[in-house]
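Asker: Sequence:
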Amino acid sequence: MLRLSNSARLIHSSGEIMNYMIVDAYRIGEFPFWFHRTWTTSLQLCITLVILFRTIGLATLASLTVIIITVLYDVPLTKLENKFKSHLRVAQDERLKASSEALVNMKVLKLYAWETHFKNVIDNLRNVELKLLSVVQVRKAYIVFLFWISPLLVSAASFLACYVLKVPLHASNVFTFLATLRLVQEPISSIPDVISVIIEAKVAFARIVNFLEAPELQRENIRKKFFNHNLKDSISIKCADFSWEGNAEKPTLRNISLDVRHGQKVAICGEVGSGKSTLIGTILGEVSKTNGT
1 MLRLSNSARL IHSSGEIMNY MIVDAYRIGE FPFWFHRTWT TSLQLCITLV ILFRTIGLAT
61 LASLTVIIIT VLYDVPLTKL ENKFKSHLRV AQDERLKASS EALVNMKVLK LYAWETHFKN
121 VIDNLRNVEL KLLSVVQVRK AYIVFLFWIS PLLVSAASFL ACYVLKVPLH ASNVFTFLAT
181 LRLVQEPISS IPDVISVIIE AKVAFARIVN FLEAPELQRE NIRKKFFNHN LKDSISIKCA
241 DFSWEGNAEK PTLRNISLDV RHGQKVAICG EVGSGKSTLI GTILGEVSKT NGT
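Quick note: the sequence shown uses the UniProt record's numbering, first residue 1, plus one each step.
In case anyone wonders, no lab produced these hints; they're calculated from the structure. We treat Cβ as the ideally placed atom computed from N, Cα and C, and that holds for glycine. Just so you know, nobody snuck in bad clues.
What follows is a list of derived Cβ distance ranges for each label pair:
hint, residue 1, residue 2, range
1, Y73, H170, 30 to 38 Å
2, Y73, K107, 54 to 62 Å
3, Q185, V104, 49 to 57 Å
4, V71, E216, 38 to 46 Å
5, F118, A267, 38 to 46 Å
6, E30, N291, 44 to 52 Å
7, S14, H87, 20 to 28 Å
8, A156, N127, 40 to 48 Å
Take these sequences, add in the hints, and give me the full structure.
Answerer: Next up, the structure:
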């Protein structure tokens, strides 16, 4: 956070950064364990279909059809869950940002009697987060219900196919069929959890990448020029524009030229709001340069 530029600090507050470290980093760390459930579940389903085909023959196609329909029906629900989880993370960041700002500036809130206003703001943000959380949980409930009922649908479809195709049913193949379905019931039931973890890891990874790619302070260039003993001046600014937000169209300081020699004492004077602190910030590399050298 100490290396973030001022424009990046406006986007990533201290509360959001805490959310990145506590929530998003945990989601990514949890992902490798659940990732292996994807191929193990797929392998178990393939082995199950082979056993069923050797047991009830062509009636296995009914089981395969039910599984394919279940997966196809789950695709739009998964996309919606991914969309709403992204919105939920943004709402959580906004709520954490408001809460952290209120706690840090508690003296100011008490001084100006702004407690009620900030409480209403945080309550509104909590309500938005709660609505998004309820939508996400409802979508997740649909997916869980779909996959938990799928083993029952597979059994019903397989027995119906056996009846239509006149596949002989006796104790050996019926018990083999039921035992095989019981073995894959737990992996199928865990598919919603796997999908949920993958979606959360994807959202968390995108958020952390966005944070790590945020613009940083230009202190490295400042140091290189400072330690270059071949330069005549220790500080040299030529026709430069600077902006706290990094916006070239609205610079905070425009057309600044300044040369300070080694050992020279300089006082920066001016009216309130004239840009004295901004000029010092540019020398320290804390303000983004949009033009000039």
